[in-house]
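Given next are the chains, with one letter for each unit.
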Amino acid sequence: MSAVAHGAGAPAAPAGPDTATRGKFLPYLLLLPGALWLLIFFVVPLAQLFTVSLQSQFPGYPGYYYRDVNFRNYLDAFTEFAPHFGRSLLFAGLATFFAFALSYPLAYAMAFKAGRWRSLMMICIIAPFFTSFILRTIAWRQILADEGPVAKVLNTLHLLPGGHITETWMAVVAGLTYNFLPFMVLPIYASLERVDPRVLEAGGDLYANGFTTFRTVTLPMSMPGVLAGTLLTFIPAAGDYVNAELLGSDRSTKMVGNVIESQFFKVPGGYPTAAALSFTLMALILALVFVYVRRFGTDELV
Amino acid sequence: MSAVTQPEGAAYKPSTGKRIQAWLADRFAMIAAILVLLYLFVPVAYTFAFSFNNYKKSNITWNPEGSPTLKHWKNPCGAPGVCESLVKSLEIGALATFVATVLGTLVAFALVRYKFIGRGAANVLTFVPMATPEIVLGASLLTIFVQGFTNVGLDLGFWTIVIAHIVFCLSFVVVTVKARVQSMDPRLEEAAQDLYASPVATFWKVTFPLVLPGIIGAAMLSFSLSFDDFIITNFVSGSETTFPKFVYVSYLRGIPAQANVVGFSMFVIAVTLVILAQVIGNARKPK
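In the order they appear, the protein sequences are chains A and B. The numbering of the first sequence is numbering that gives the first Met the number 0, which starts it at 0 and goes up by one. The numbering of the second sequence is numbering that gives the first Met the number 0, which starts it at 0 and goes up by one.
Next comes chain B alone, as it looks inside the complex (with noise of 0.2 Å):
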């Protein structure tokens, strides 16, 4: 308001004290997000941390003899069930990621694009799952798979933790999607139509491209959270043994190291996978 009050010309200077309160004020909220993110991290980097314990019976209290040693990180499937738990917990989440992205892709075109007698129904059903406490969720597919399916020769174990995922990973990628799908400019499509584009081409070169970062975004969602999946995992499991479960189940006799070195490579491996994408989506995009 002041500034309508400066002589003509004169640029307007605000006190020290103003000044600091508006980079303040500009910056407050980067800050507290790079707070945050540190928070986020804190756990990560006690992980990291514990992988060069030289600890003797438990991983929990630090040893200062012989530590920091590299011997867990030389060694990383030394200890037993760590690295199968992880072949395990990888190709389940492929797999779930899969089949949820393609159906939840699906799923999302047909909820956004057309109008039918259902879609309420439809909507709500792709929605609730995510809103079921996965406890729910576990106990409930836990009681049909033994008493329907082991009957048709399908055992809790690998496969039952795969259906279980595609339940939930299907919500994210549905709802994932349908943001993109809903934000796309129509007219994009109509412009491609009225060039004569089929309605094929008008798809595949078109709507398919535009929605793709949602569809990647959803399936990196779906693999995140199957990856991380303990609860449900553990309903559905039988003896089959996932990278989450394999810490949880190993934290009373105590968890190995290697365990922390696989947790936090796989931290590693996933930022730089990521940001090795975005380099090179960057440098592929038309200038």
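Just chain A, with the same shape it has in the complex (with noise of 0.2 Å):
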């Protein structure tokens, strides 16, 4: 480890985006237990599950599979399972909104006007997942049930069309929205802390308003931020089932991720299906990604 200090030489810059020295085998060295895991238990299991994606079933015997090219398995999942693949990404893309929307306000808030209240904010934001998700869904399942005090009033001053809130597609994007929340927060706080206050100042001197301000100089400057918490709370929630199992109903709301679970788990011989899912879902994401990328990306994303 000692050579991480690296050569003395090097001119005195100012904390630039590369410092980077060449290494020989110290950086593969430094690399080579975290990536070797990651061979091993991420992208070996990945190759594993394409080809199971691709693997046929023995005519008769449910359960059992030969190895086969057969891309009918995606064709199928596509079709039988296009519903869901909407749904995925319609209430992802909802809560990833609405997410944004209350992320935002509080990240600004963290970074420049909380002062020393600011690791506080930040502990109140992750303390929440020790309580346990499954527990905090359960107990939006009671608060916005009928009976609830949400829905009431909702249905005292009749603006809930339909009556309901659990079992309708509000409840689990309601659920997106809350669970994937501090995913969104972080990586924008993380940028807005990087920005220069003074730069904020300097928007001030030169005669723009508040929200002309933050229009032309804090948006851009978190927009790195903004996009990386906008991935990391769609892609999640678009494989998510949970809320759907616990907030929706059985029918009208169901994701590919309840489809992937229950051809795991529940369908006898639905390995391949859930498997065909499981990578038609990534390649859909994967592709929705990689436009947004291009349309708003820095490559300080990766």
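Any given hint could be a false lead.
[As the list claims (entries may be wrong)] Some, not all, of what chain A presents toward chain B, calculated at C-beta under 7 Å: (1) F40; (2) P44; (3) F77; (4) T78; (5) G92; (6) L93; (7) F97; (8) A100; (9) L101; (10) G114; (11) P127; (12) S131; (13) S261.
It should be emphasised that the hints constitute simulated quantities derived from the structure, not laboratory data. As the structure is a computational prediction, the values presented were derived from the model and not from experiment. We treat Cβ as the ideally placed atom computed from N, Cα and C, and that holds for glycine.
Fit chain to chain and form the complex, with the hints in mind.
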């Protein structure tokens, strides 16, 4: 580890984006254990899952497969479960939008207004993890239930078409928004924290009002965080099945995650379909992410 | 702008409406932030309240008869499975956090401090697990565990959960520590070397203490993610039960209020520990 302290002869530059030096063996040595772990327990399993997604069933023996190149699994998976894919992307998109709207003021206040309360606010964001998200999701089910406070008030005001929140898409989106909010707040906060408050004052000195400063200075400078946050919210939300399971209904709110889970655990012989669904979901997400990063991206993401 | 036209010496006095507007604008973000934090706590408060419920069959509706009661708090391990699963979750979280933090910190240093062939690929390799839906991670690990590892005697259970948790914790550690190393001023290390500190001494006396807060933050994030993980755990756990899995599985039969007691206590313990650590850290900081 000693050579981490790099050459003393390097020019005295301020902390720039890339102060890396050339290394021969050391970087590989540092990298080796972590990279091996990810190769064995991430890359290889994905490759294996891919071969499973191409397997065919022995006719007449449900639950027995043979190695094959059966892309039909993908076609079937996509056509049979297209509504589930649609819901996954739609619910995750809505949840990402709401999470962004809730997170930005929080991250902004932490970065510029909180002062010594900053670390306490950080604790408040992470601490609910320890109550277990399953318990909190079930609590939401109670809060949003027909006899709960939210539905009662909305129903008294006749603002709830259909009369229910739980068992509908609204509860699922609310649950996704809530559960993935920390993954939106933390990256946005991390990038806002790096913004020098003097830059914002400069905006004011140049006669920009608060909103103009925010729109032309703060927001663009926080874009890497916004980008990372939206991805870290959208991706897990699109693959989630717990919220749809606990807050949604059996028919109209099931997402791809629910199908994958039940194909794996409840449907005999469902492995290839589940694997094909998993890869289709990955491909859809990657495609969306690619377009999104191309549109808004910076290279600071990776 | 109007201040420019004021006569010299006279203080600029905005109208009351303007003052209220300015006050609101200044505090809008903070007020919104506090509201969002309260929203984050709503279900935690609900969990807390229902730990005092004297329920009959399932702890879903409030039973005014005999509530609030302290009986679940007096006997938190009274319901079978609650404390056993909690202990498993803590063990798994500690193990996964330790391994992920060590491996991830090494990777982060390699990625920030060195240029080498394959650096881009290594960057992508550490980032992609974070961008993979949990269900895909879980499904792929289950496939490989069932089709490969059970042959060499590694059955689904405690260790497969630990292995899986290390995978996703590792990514978060790398990203967190990387950010910390990147934001360090390299001149501090150069100064140490100018003062004839050996590279080893420079690392342990300068670099490491500066990066340590990032490493601690990464470890805390890892532990929280591992402790709260359900989806991946559910895929690779076999018959082993962690706390989130216990709650999920018992949902249909009715979750015992002891789970609420444990869930809320863990929340309080986590907050207390972190605040304590900060107070101690502040006290030890040289004035």
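Verification of the supplied hints:
The beta carbon of A/F40 comes within 5 Å of a beta carbon in chain B, closer than 7 Å, and the hint placing it at the interface holds. Hint status for A/P44: holds, given a least beta-carbon distance of 4 Å to chain B, under 7 Å. Nearest Cβ of chain B to the Cβ of A/F77: about 16 Å, over the 7 Å cut. The hint is violated. About 20 Å separates the beta-carbon of A/T78 from the nearest beta-carbon of chain B, more than 7 Å, and the hint is not met.
Here the hint on A/G92 is broken, as its CB sits about 14 Å from the closest CB of chain B, past 7 Å. Interface hint status for A/L93: violated, as the beta-carbon distance to the closest one in chain B is roughly 17 Å, over 7 Å. Hint status for A/F97: violated, given a least beta-carbon distance of 11 Å to chain B, over 7 Å. For the restraint placing A/A100 at the interface with chain B, the shortest Cβ-Cβ distance is roughly 10 Å, beyond the 7 Å limit, so the hint is violated.
Of the supplied interface hints, the one on A/L101 holds, with its beta-carbon coming within about 5 Å of a beta-carbon of chain B, less than 7 Å. Because the closest C-beta pair between A/G114 and chain B is about 10 Å apart, greater than 7 Å, the hint is violated. Annotation: interface hint on A/P127 holds; nearest CB of chain B at approximately 5 Å, less than 7 Å. Annotation: A/S131 was flagged as interfacial toward chain B, and the flag holds, the nearest CB pair being 5 Å apart, inside 7 Å.
Checking A/S261 against chain B by beta carbon gives a least distance of about 11 Å; that is not within 7 Å, so the hint is violated.
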